[in-house]
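Novice: What follows is each chain in one-letter form.
Number of protein chains: 2
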Amino acid sequence: MHPGLSIDCVIFGFHESELKVLLLKLKNQKLWSLPGGFVDRQKAVDSEAVEVLFRRTGLRDIFLRQFYLFGDTDRHLPGHANKLVATDVIPPELENWFDQRFVSVGYYALVEYSKVQAPRPDFSSDSCTWKNMKDLPDLMLDHEKIIQKAYQILKRELNDQPIGLNLLPDEFSMSELQALYETVLDRKLDRRNFRRKMLSYDILEDTGKRRTGGAHKSPRLYRFNEEKYHKAIEDGLRSLW
Amino acid sequence: MHPGLSIDCVIFGFHESELKVLLLKLKNQKLWSLPGGFVDRQKAVDSEAVEVLFRRTGLRDIFLRQFYLFGDTDRHLPGHANKLVATDVIPPELENWFDQRFVSVGYYALVEYSKVQAPRPDFSSDSCTWKNMKDLPDLMLDHEKIIQKAYQILKRELNDQPIGLNLLPDEFSMSELQALYETVLDRKLDRRNFRRKMLSYDILEDTGKRRTGGAHKSPRLYRFNEEKYHKAIEDGLRSLW
Numbered sequence: 000m001h002p003g004l005s006i007d008c009v010i011f012g013f014h015e016s017e018l019k020v021l022l023l024k025l026k027n028q029k030l031w032s033l034p035g036g037f038v039d040r041q042k043a044v045d046s047e048a049v050e051v052l053f054r055r056t057g058l059r060d061i062f063l064r065q066f067y068l069f070g071d072t073d074r075h076l077p078g079h080a081n082k083l084v085a086t087d088v089i090p091p092e093l094e095n096w097f098d099q100r101f102v103s104v105g106y107y108a109l110v111e112y113s114k115v116q117a118p119r120p121d122f123s124s125d126s127c128t129w130k131n132m133k134d135l136p137d138l139m140l141d142h143e144k145i146i147q148k149a150y151q152i153l154k155r156e157l158n159d160q161p162i163g164l165n166l167l168p169d170e171f172s173m174s175e176l177q178a179l180y181e182t183v184l185d186r187k188l189d190r191r192n193f194r195r196k197m198l199s200y201d202i203l204e205d206t207g208k209r210r211t212g213g214a215h216k217s218p219r220l221y222r223f224n225e226e227k228y229h230k231a232i233e234d235g236l237r238s239l240w
Numbered sequence: 000m001h002p003g004l005s006i007d008c009v010i011f012g013f014h015e016s017e018l019k020v021l022l023l024k025l026k027n028q029k030l031w032s033l034p035g036g037f038v039d040r041q042k043a044v045d046s047e048a049v050e051v052l053f054r055r056t057g058l059r060d061i062f063l064r065q066f067y068l069f070g071d072t073d074r075h076l077p078g079h080a081n082k083l084v085a086t087d088v089i090p091p092e093l094e095n096w097f098d099q100r101f102v103s104v105g106y107y108a109l110v111e112y113s114k115v116q117a118p119r120p121d122f123s124s125d126s127c128t129w130k131n132m133k134d135l136p137d138l139m140l141d142h143e144k145i146i147q148k149a150y151q152i153l154k155r156e157l158n159d160q161p162i163g164l165n166l167l168p169d170e171f172s173m174s175e176l177q178a179l180y181e182t183v184l185d186r187k188l189d190r191r192n193f194r195r196k197m198l199s200y201d202i203l204e205d206t207g208k209r210r211t212g213g214a215h216k217s218p219r220l221y222r223f224n225e226e227k228y229h230k231a232i233e234d235g236l237r238s239l240w
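Chains as they are written, first to last, in numbering that gives the first Met the number 0: chain A, 0 to 240; chain B, 0 to 240.
No lab work stands behind these hints, which were simulated from the structure alone.
There may be inaccurate statements among the hints.
It does not matter which identical chain is used: a pair holds within one copy or between any two.
Stated by the list, open to error - Simulated crosslink set (DSBU-like; lysine-lysine; CA at most 30 Å straight-line):
| hint | residue 1 | residue 2 |
| --- | --- | --- |
| 1 | K130 | K114 |
| 2 | K42 | K114 |
| 3 | K144 | K82 |
| 4 | K82 | K42 |
| 5 | K24 | K148 |
| 6 | K187 | K227 |
| 7 | K227 | K42 |
| 8 | K230 | K133 |
| 9 | K154 | K144 |
| 10 | K19 | K29 |
| 11 | K24 | K133 |
| 12 | K130 | K154 |
| 13 | K230 | K29 |
| 14 | K144 | K227 |
| 15 | K114 | K227 |
| 16 | K196 | K227 |
| 17 | K227 | K26 |
In isolation and in its complexed conformation, chain A is listed as follows (with noise of 0.2 Å):
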């Protein structure tokens, strides 16, 4: 095991205009905790992310990027590990792992929850559950700091990435996307403003197709150009210079 590294995932869930945090309750505690984990000596640390997503919370083929390395002195509580071997939520042999000052790299993702396999708990957690970010718990040593920065890295990396892909029906409409980022973001948006913006970045096709059957008007189905998206995503959606 790498010494004095380990491994955070903050997984957002967006379902239905809500937006949600994947978290677990380890088993005899009362603080709730991120999924995160060590590090192979051997492995990519990178690659260790995805594995320690799958670990803990049974959740396969999530796209994780990195955001920070938490590495403040005060994150390392004093009898944090015996609490947590008191309470056979990790084995005797890595209570000298926690006693040492750890550092932590965070990574996140953003899913909808419902595509996605629902979530287990490993052995050591009671439940793995996806909370409403407007309402947290009360959660272990700096785990609130860090949904907080990758929450502010998420709202920022929108000025410069494309989202949707994956989030959404394969076909919808631009309302749906709106709703997404007004999710995301949390605040509402001008219509005809989004609807301009999001033209002008050459990733959306017109199906053609309109959605019926609903209370109103009958509106425009689009699709994303898969091609044009993953390059916005590897060049950023626009240069602004």
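Position chain B against the provided structure of chain A, taking the given hints into account.
Specialist: What follows is chain B alone, placed relative to chain A:
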């Protein structure tokens, strides 16, 4: 010393329309390297980065941004430590540290290099020099990759963050500011577009003065409104949505 964790600093230097990067040449080594070092177990990683930069180069008061943890497995070269010990670059007691796999947190900064104190190499290095980004020498380990990643992030941040304070004189013309952007982005920009966008961010103040004495039409001089400039760094240059 925190085990298995090092720090590498990518210091970009801007001066007279050239972009450079600060490199060290270790004693008796053929390859150049980034200024880097270790993390004291009792110290926050972010503050250790400032210390490391000072110890290796003599540079002080540089605002460093953390940008990535380099954690691939192939970045560790067996024999690397032997070579450094053999040529007196590191003391023998550090050989063990290097013989284990280590990961490195990258930090970067952009400075006007004629305005910071002249860099001076530490005991382990023969020289500490600004090298042109367009003509980098051969570098040890994955340091070339670290520089390219930092450069990619620096360029993308221009879409969201102001630059120029501490890089330009207190009062500057629009074309001097544009030259800074062109140097970092390594391409020409449209003069009218640049001016229009820059003014729209409301971070510049017209000094009411003009530079006189040049061969060309005397240009208007601007300064940054520091309060608005720092607010833009906090909040992003503008929200797209």
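Novice: Does each hint fit the structure? Answer for all of them.
Specialist: These are the hints, each one checked on the structure:
In this homomeric assembly, K130 and K114 come within 30 Å of each other (Cα to Cα) only inside a single copy, at 17 Å, whereas the closest approach across copies is 50 Å. Taking the shortest Cα distances, K42 and K114 sit within 30 Å of each other inside one copy (29 Å), while across copies they are farther apart (42 Å). For the homomeric pair K144 and K82, the shortest alpha-carbon distance inside one copy (21 Å) is at most 30 Å, but the shortest distance between copies (41 Å) is not. For the identical chains of this complex, K82 and K42 are neighbours both inside a copy (29 Å) and across copies (25 Å), given an alpha-carbon limit of 30 Å.
For a Cα distance limit of 30 Å, the shortest separation of K24 from K148 inside one copy, 21 Å, qualifies, whereas the shortest one across copies, 37 Å, does not. With identical chains, the CA atoms of K187 and K227 are at most 30 Å apart both within one copy (27 Å) and between copies (25 Å). In this assembly of identical chains, K227 and K42 lie within 30 Å of each other by CA distance neither inside one copy nor across copies; the values are 32 Å within and 44 Å between. Proximity of K230 and K133 under a CA criterion of 30 Å is satisfied inter-copy only: 25 Å between copies versus 33 Å inside one chain copy.
Taking the closest pair of Cα atoms, K154 and K144 come within 30 Å of each other both inside a single copy (16 Å) and across two copies (27 Å). In the homo-oligomer, the alpha carbons of K19 and K29 lie at most 30 Å apart inside one protomer (20 Å), although the nearest pairing across protomers, at 52 Å, exceeds that limit. Proximity of K24 and K133 under a CA criterion of 30 Å is satisfied intra-copy only: 18 Å inside one chain copy versus 51 Å between copies. Proximity of K130 to K154 under the C-alpha cut-off of 30 Å is restricted to the intra-copy arrangement: shortest distance 19 Å within a copy versus 36 Å between copies.
In the homo-oligomer, the alpha carbons of K230 and K29 never lie at most 30 Å apart, since the shortest distance is 44 Å inside one protomer and 38 Å across protomers. Taking the shortest alpha-carbon separations for K144 and K227, only the inter-copy value of 26 Å comes in at or below 30 Å, while the best intra-copy value is 34 Å. With identical chains, the CA atoms of K114 and K227 are at most 30 Å apart within one copy only, with a shortest distance of 23 Å there and 43 Å across copies. Taking CA atoms no more than 30 Å apart as the test, K196 paired with K227 passes in both settings, with 16 Å inside one copy and 26 Å between copies.
Within a single copy, K227 and K26 get their C-alpha atoms no closer than 45 Å, and across copies no closer than 48 Å, so neither meets the 30 Å cut-off.
In the structure shown, a violation is registered for the earlier hints numbered 7, 13, 17, in ascending order.
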